[in-house]
Structure formats: structure tokens, C-alpha cells
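Asks: The chain contents come next:
Protein chains: 2
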Amino acid sequence: MNGEKVMDKLDDYIDSNVNRFVEDLKRLCRQPSISAQNKGVKECAELLKEMMSEVGIDVKVVPVKNGNPVVFGELKSGKAKQTLGFYNHYDVQPPEPLELWDSPPFKAEIRNGKIYARGVSDNKGNIVARLEAVRAWLDIFGELPVNLKFFIEGEEEIGSPHLEFFVKNNMNLLKADGYVWEGDGVDQQGRPSITLGAKGILYVEFRAKCAKRDIHSSNAPLVPNPAWRLVWLLSMLKGPDEKIKIPGWYDEVIPPTETEIRLLKEAPFNEKASKEELGLKEYLLGLTGVEAQKALRFSPTCNIAGFNAGYSGPGAKTVLPSEAIAKVDFRLVEAQKPDVLFVKLKKYLEENGFGDIELVSLGGYEPAKTPPDNPFAVRIIETAEKVYGTKPVVWPTTAGTSPIYVIRNWMGIPVASGGGVGYPGSKVHAPNENIRIKDYVNSVKYVASLIGSYKTS
Amino acid sequence: MNGEKVMDKLDDYIDSNVNRFVEDLKRLCRQPSISAQNKGVKECAELLKEMMSEVGIDVKVVPVKNGNPVVFGELKSGKAKQTLGFYNHYDVQPPEPLELWDSPPFKAEIRNGKIYARGVSDNKGNIVARLEAVRAWLDIFGELPVNLKFFIEGEEEIGSPHLEFFVKNNMNLLKADGYVWEGDGVDQQGRPSITLGAKGILYVEFRAKCAKRDIHSSNAPLVPNPAWRLVWLLSMLKGPDEKIKIPGWYDEVIPPTETEIRLLKEAPFNEKASKEELGLKEYLLGLTGVEAQKALRFSPTCNIAGFNAGYSGPGAKTVLPSEAIAKVDFRLVEAQKPDVLFVKLKKYLEENGFGDIELVSLGGYEPAKTPPDNPFAVRIIETAEKVYGTKPVVWPTTAGTSPIYVIRNWMGIPVASGGGVGYPGSKVHAPNENIRIKDYVNSVKYVASLIGSYKTS
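Chains A and B are the protein sequences, given in the same order.
According to the numbering used here, the first sequence holds residues 1 to 457 in order.
According to the numbering used here, the second sequence holds residues 1001 to 1457 in order.
Everything labelled a hint here was simulated from the structure, so no lab data went into it.
It is possible that part of the hints are untrue.
[Stated by the list, open to error] Cβ pair distances, simulated, as ranges:
(1) Ala1036(B) - Pro97(A): 32 to 42 Å
(2) Leu1098(B) - Arg213(A): 19 to 29 Å
(3) Gly239(A) - Glu1282(B): 25 to 35 Å
(4) Arg1207(B) - Glu23(A): 50 to 60 Å
(5) Pro63(A) - Lys1272(B): 16 to 26 Å
(6) Val1343(B) - Gly239(A): 25 to 35 Å
(7) Leu1098(B) - Asn66(A): 41 to 51 Å
(8) Asn66(A) - Arg1207(B): 36 to 46 Å
(9) Val1343(B) - Asn270(A): 53 to 63 Å
(10) Val61(A) - Glu1096(B): 36 to 46 Å
(11) Lys1347(B) - Gly239(A): 42 to 52 Å
(12) Gly289(A) - Arg1207(B): 23 to 33 Å
(13) Leu1098(B) - Gly363(A): 22 to 32 Å
[Claimed, not checked] For lysine to aspartate or glutamate, the following EDC-like pairs were computed, each having C-alpha atoms within a straight-line distance of at most 16 Å:
(14) Lys317(A) - Glu1205(B)
(15) Lys275(A) - Asp1177(B)
(16) Lys1281(B) - Asp356(A)
(17) Lys1212(B) - Glu1323(B)
(18) Lys1081(B) - Asp1177(B)
(19) Lys1212(B) - Glu277(A)
(20) Lys1212(B) - Glu282(A)
(21) Lys1438(B) - Glu1023(B)
(22) Lys1209(B) - Glu282(A)
(23) Lys114(A) - Glu96(A)
(24) Lys60(A) - Glu46(A)
(25) Lys294(A) - Asp356(A)
(26) Lys281(A) - Glu1023(B)
(27) Lys317(A) - Glu1157(B)
(28) Lys1317(B) - Glu205(A)
(29) Lys60(A) - Glu74(A)
(30) Lys455(A) - Asp356(A)
(31) Lys1209(B) - Glu1023(B)
(32) Lys212(A) - Glu1282(B)
(33) Lys1317(B) - Asp356(A)
Where a beta carbon is used, it is the ideal one built from N, C-alpha and C, also for glycine.
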């Protein structure tokens, strides 16, 4: 049977089983799994194990010390030469504020061709779509042309605190030839979007303490002011030209390749609408067009996420504060490393008279990218074009951050996201999170086709 | 009758009438007059009028539009050549937190030779002490050697919002040859303290707004950050050398005179205890001794009283804030003017790319001083030495701010505070505010003696 016939059979099967797919997804969505509130998380891991077993996947719930368990599944095939991995998470964001939901967040109600539930888009829809594609293959052909691994964690929505530890200690278990990450979705025009990388991050807090207590501001000639100290410290990190002044900060930066820039040029971006939505006349430094997109996705940042000191309520209070705090997130690009940069930052502070300021790292992620011409990336892209019948939008990297580096950098495995269930109206992390059933079905077809793209021996 | 005999008579009278003085003070303290909460303020003005009338003072309650009335009293003497003015306020701070009081704040309980009540030190004790001194003079001699004016406002504890307006419109009414301001007190060693001036202030708020809403910090390459804008703005106002960088800021500054510096040298100051109490190893810029005192009382300041932007709670939040606010108070020294400096500040911002930052003045006070060798100051000082039997501590100016400039600068009248009822344990503005009865009695004697220092024609 040739590839086209295989896909026709799969598509027919998928189109005939939509109701069952929807019921399966509702089943998983009805089980709350709110990691931030520790609600239903372990129950969800057990339910997921049950659902994966039913499909025929060899699955176990792996305990994580002081954390939520990982659900790990494997499906081996006698003929397979390669192994395809899926990273997902079964935990969800808190549903609050509940009063803004039109149906209960864990009811998984269907309205107008959409399924409404907390986690349906992020990320349970993608999990079940993958399971359904596997079931389709097994029901029709009895086996798959590729081995599969399912790596499904339960702490993504609280920052994956044990992901690094788990990966470091389970590299053999996790080994694969490529990983599909979480999901993604289609854009306003129905084009599937594919993401090949993410920025890293170093998030730090500066804490300045001077006198033991707040004091009347008439003492300003004698008593050091921690707010001033942080102002001077911060003004040494970055000036209005947006260049980070910490020595050696850019040393490891690898600029984008020509291919990556071409992808940016091909990607849609409604600059006017974005500015209007934010009420901005222009972007920072007057950036526009591809230069703006390049800056967004390929430039390191230094952002004040928070600054607090003294009194900021209405009217005047003449206080000299005793403490000040500032939070700064640095986004990192290939191949900056948060640990290396933290040391450079600390040294810079010490050398410039700010050694007394408490510098705390609140976490770091490495940047990571899979080149667009990597065979796995090409497979992800070509499958999307085939299934969706249109050229996908390929993002060489996002402006945001993701823990893909644990697989991409530490294990050297290509990683990409694509073929996901989302769409621009999915309201991820917000009330009335939903997906369209048609996108869900396309996602099952995408995964089935991706499996079919592998050659057996 | 010579001066000594006059004073002996007065002292005897005062010592014999302590119980009545205490009862009178309790009467005024038992009437709440919390300007911040608009509680009992007008009732207190009426009570005060009644008490002043009983003494024999010609008194009226002068309405203040949209404000609390001024109680104005006058006592003319046929033989007097000069007029002595008293500035006081009959309003008090809120008593909260009530649970920290050992007796109800408006009960005026006596314990261990002290009277406990909100406002007893600040400023009702001084008012009644002055009335008792007048009564003593009238009871014994039937008239005074000096005309008196009592200017008693009801909004001091909320920043005297109508004081400027009232003074501008009542200069004839208020005319006098010298004003005693509020009070003051004795120090740990029982030395009376006298204050001849105050710094001024300019309090401003900087408000930066960028995008319409908070946004994910991954947008930092494109979206301006108002916290950064304020950091850069503030770092342009003052550097770590503590010099204010705004052009012309120091143009009007008049340095302290030799006499003023001598007074500073003579004044007690426990630097070690002050540093220990604040947990400081050293003062700003390593200042110490008279240099520290000079800086405290004679140098302009630029203090960040508040800075708020974004997220400053526990942990990491990757937010790019849409608004930031900073509050800065500038203390001013002779002869800086807040209005002039506000214009210089505004111009500086505009010329340096910060014209879009909203700059709001939250109020200004002029600095004001009465020279230590001014005859009125000399009278205040010499009377203190005579009554307390020890050299007073004379502060040429305070590090803080007071509205004395409306009398000193606008009307050209010398102003000083001294002979007040306070002591270091008075707990002004705090729970268990109190005065010692012995200090109260000394304050009555001080005012009686000050009255007696005037020569008749």
C-alpha cells in the first residue's frame, strides 16, 4: 500500500470517529489537574495512564520527589528504525475567575462546534489527539512505522520545577530521534504554525536594605536610600539605547542565520494592529518591519518586571524607605547561558560598588533552537503542508521561553512544535478556554500523517 | 516692682495652680479634633474659644472656606509697645492604632506624673500653657506688658492646606513683632530646645505610561517600559555622589553663617546611638561630626520616597508593566523657592527626552530662618536660659519642614519655637502620647517670663 492510500484510510477512519475523539477528550478534561492548587493532579495522572493503556501504549506513572508524577508511555514497533517523542503536560492553569466562564471549567461543554474546558487547548487536546492518531494506526494497520515515546509532565503550569532533574536522571528512558513539543495551532487564516526554538531567560531579584526601619525623609542627607541604590544599579544595566552594559553580556550570542531571517520575512505580522492594540505610536527605538521581528525574536533583553520601594499611594508621604526590591528578567538568545551570565552580572555589581545588594536568581532557562533545515524540522514542516494544504508559518524561535533546552541542548535531540489544536480564539490561561472540533480533528490527522512519514526497514 | 519680684510672684502663682492647669488641659484634650477624619474639629474650635474667653482674651472663630476654622485671639494692653504672636494648632493626629494605647486617647488620664492623650504634646499642651501664663499675669497684675495674638489653626496635621491662603488674606490681623511657633521641649538632659528655622520642600510625583496594558515581558524588545524610563530619569536627578544634577538647583542656596555653625557645634548629638538605632555602620558619604550635622540641616536633598511598577511579590512574574510611578521629595534650604525649582526640574526633563513623563507637584514649602542674633531670637533664647537655669540648645534650622515661611518670609516677622511642653518620651503622632506635668508647668513659667521680658512705654 502506498503512502497516499495509507493516509486516505487513516483520514476516513478519523472522520468516522470524531464523536469518540470528542468523548475521550471530554473524559480527560473533566478530571481537574490544577498543579498550582494541587487539585486532582495525581488522579489525572492515573486517568491518563488508563486512557493510554486502553490505546495499547505501555505506560507508567513515574513518581517525582516532592513533585507531581510524570506519565511516561512507550509504543515499540518491530519494523521501526526511529523513535518519535512527544512532550506534553497534563496539568492545567487554575480556572479562576470562575464567574467569567459561560460553562463550568471542568464540564467540557460543547457549544457551536467548540469544546470549552480549562486545559482543553493547553494541553489536554494535544495529548488526546496524539492518542487518537495512535489508535487509528493500530486499529487499521496493527502497528506503526515508528517507535513512540510519551513524556507527559504534571508541573508545566507552575514552571516545570523538576523537569531538569527528571531529564538529567532519565536520559536513556527519554532518548528519541525528535520531539514534538506541546502543540501549537493555526492562525487567523488557517495556516498551521510551527515553532523551532525559544529564548532563554535569567530572572533575578535585587534587594537593597539600608537602615533598619523606614525613617522620616528629612534624614536623607545622612541615611542611605535603598531606592536610590537600585536606581543607580539598574541604570548601570541598560541605558536608553537598550544596550545591556554588563561586560561580556553579548559574547556568546549567535546571530540568526540567513534562513531564519528569510522565515521571519515570510511570516505574517500585523504591526499596525499590534501597535493599536497596545496604544503605541511606535515601537521602541522606532523599530519596524523585519527589524522589529528580528529584535523581538533574536535580541537579548533586560526588562524591569517590578520595582517597589516606599510609598506609592495617593498624595505625599515624606518617607525614606529602608528596603527596595527590583525584579529583572533577561531574555537570552542562542547560545547564552543563564549560569554564565549570572556570574558576569554578580561580578559587575561587585566591581561597581553594589556588592552589598542582595542578588537572587529566581531561575534560568537556556535558549534552544532546532535549525529549520534539520531533517526532523523538515519532516514537521512538510507534514504540516501536506495535511493543512497550505504552507505553514515557521517561527525559527519565539520571543518567549520554553524548557525545550533540556531535550534540545542536553540530549542533542531536535525539537519542534506543530500540528496542535489551538487557534487564535483559544483563550489559553483565561476563562472560556476552548478549541474548535475541526482543529482537533486536523490535529489527529497531522499526528497520524507525521507517524506515516517514517520509513520502516 | 522689679523684674525679679514679678517673676517670683508669677512662679508662686503658677506653682499653686498646677491642679487647675492640669484640669484645663484635660478639658481641651478630652475634646477630639482629628482633622484627617473630620472628627470633633469644629466642636474643639468652639471649646477653645470658650476657654480663651474665660481667660479674658478677645477671641473669634474665623471660618475657612472648605477648611477648618482658625481660632484667632487678641489681648491688648494699654502700655504695650510690642505685639507677641503665638502660632498653634488645635487639631490632632488620628489616634489609631487604638489597641496600643494604655488608656483611651481622649480620656486624658494621669499616670506617674504624666498626662496621656492624643494631642497633649502636639499641640494642645502648648496652647493651654500659654493661656495659663496669660491668666497668671492678668490675675496678679491685671494687665500685660505686651500685646498678644493667638493664631490657632485646625489643619496642621493634614498639611495646613489653607494656611497660605489665610495668611495672604489676613496680614493685618496677624501682624506682630515676633511669633512663637507651636512649641518644642526639653531634651534627655532637661535642656530646653529652641528652633529658629526649617527647611523647605518640593514634593513631586513622576508618572510614566507606555502601553495601554501590562504585557508579557517577552515583548521587551518592542514595547517601552515605564519603569526603565523612570530609572533613567531618576538617575539623571542625582548620582551616588549625592549631588543634584538639575542645572541651577543650587543657585539660590545661601550657606550657613558662622554663628549658625557655631550653634551646631554646641548642640548635643549622639551620633553613635543614632547610627545604632538605625542599624547603620556609617552615614551617607562617610559623613560624621559637625559635617554630618551641617549636611542634615543645611544641604538640599533629593529623596525617593516611593517607586512602584510591575510585580514585586514573591517569585518571578514575567511582566512588562504599563505604568510606573515615583515620588520624590526635595528638601530646600535658604533661599531656594519650590516654584522656581519646579520650573527648573520641568525644563530639565523636557531638554533630556523626558517631556512625556507626567510631572505633578504635590506641594511646596519655602525654607525659612530667623537669624540667631535677631532680637526676637535673642529674647527667646535668653528667657529659656533664665527659666530653665541652663543654656538652651539652639537649632538654627531643622532638617524637616514647617510652614513658618508664611509668617517669616511673607510677613517678614521673626519666628522661633521654644519653651514647649514636649520631652523625648512624648510619643508625638504615636500611641500613648504624653507630657510630664513638670514640663507643662515649666512651659507656663516660660511663657509668663517671655511676656515679662517686654518693656512697657
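Asks: Indicate, hint by hint, whether the structure satisfies it.
Replies: A quick look at each hint next to the structure:
{"no.": "1", "hint": "Ala1036(B) - Pro97(A): 32 to 42 Å", "in the structure": "holds, 35 Å"}
{"no.": "2", "hint": "Leu1098(B) - Arg213(A): 19 to 29 Å", "in the structure": "holds, 22 Å"}
{"no.": "3", "hint": "Gly239(A) - Glu1282(B): 25 to 35 Å", "in the structure": "holds, 31 Å"}
{"no.": "4", "hint": "Arg1207(B) - Glu23(A): 50 to 60 Å", "in the structure": "holds, 54 Å"}
{"no.": "5", "hint": "Pro63(A) - Lys1272(B): 16 to 26 Å", "in the structure": "violated, 58 Å"}
{"no.": "6", "hint": "Val1343(B) - Gly239(A): 25 to 35 Å", "in the structure": "holds, 27 Å"}
{"no.": "7", "hint": "Leu1098(B) - Asn66(A): 41 to 51 Å", "in the structure": "holds, 45 Å"}
{"no.": "8", "hint": "Asn66(A) - Arg1207(B): 36 to 46 Å", "in the structure": "holds, 44 Å"}
{"no.": "9", "hint": "Val1343(B) - Asn270(A): 53 to 63 Å", "in the structure": "violated, 44 Å"}
{"no.": "10", "hint": "Val61(A) - Glu1096(B): 36 to 46 Å", "in the structure": "violated, 55 Å"}
{"no.": "11", "hint": "Lys1347(B) - Gly239(A): 42 to 52 Å", "in the structure": "violated, 22 Å"}
{"no.": "12", "hint": "Gly289(A) - Arg1207(B): 23 to 33 Å", "in the structure": "holds, 32 Å"}
{"no.": "13", "hint": "Leu1098(B) - Gly363(A): 22 to 32 Å", "in the structure": "violated, 44 Å"}
{"no.": "14", "hint": "Lys317(A) - Glu1205(B)", "in the structure": "holds, 11 Å"}
{"no.": "15", "hint": "Lys275(A) - Asp1177(B)", "in the structure": "violated, 65 Å"}
{"no.": "16", "hint": "Lys1281(B) - Asp356(A)", "in the structure": "holds, 13 Å"}
{"no.": "17", "hint": "Lys1212(B) - Glu1323(B)", "in the structure": "holds, 9 Å"}
{"no.": "18", "hint": "Lys1081(B) - Asp1177(B)", "in the structure": "holds, 10 Å"}
{"no.": "19", "hint": "Lys1212(B) - Glu277(A)", "in the structure": "holds, 8 Å"}
{"no.": "20", "hint": "Lys1212(B) - Glu282(A)", "in the structure": "holds, 13 Å"}
{"no.": "21", "hint": "Lys1438(B) - Glu1023(B)", "in the structure": "holds, 14 Å"}
{"no.": "22", "hint": "Lys1209(B) - Glu282(A)", "in the structure": "holds, 14 Å"}
{"no.": "23", "hint": "Lys114(A) - Glu96(A)", "in the structure": "violated, 20 Å"}
{"no.": "24", "hint": "Lys60(A) - Glu46(A)", "in the structure": "holds, 9 Å"}
{"no.": "25", "hint": "Lys294(A) - Asp356(A)", "in the structure": "violated, 37 Å"}
{"no.": "26", "hint": "Lys281(A) - Glu1023(B)", "in the structure": "violated, 69 Å"}
{"no.": "27", "hint": "Lys317(A) - Glu1157(B)", "in the structure": "holds, 13 Å"}
{"no.": "28", "hint": "Lys1317(B) - Glu205(A)", "in the structure": "holds, 11 Å"}
{"no.": "29", "hint": "Lys60(A) - Glu74(A)", "in the structure": "holds, 9 Å"}
{"no.": "30", "hint": "Lys455(A) - Asp356(A)", "in the structure": "violated, 61 Å"}
{"no.": "31", "hint": "Lys1209(B) - Glu1023(B)", "in the structure": "violated, 57 Å"}
{"no.": "32", "hint": "Lys212(A) - Glu1282(B)", "in the structure": "holds, 13 Å"}
{"no.": "33", "hint": "Lys1317(B) - Asp356(A)", "in the structure": "violated, 24 Å"}
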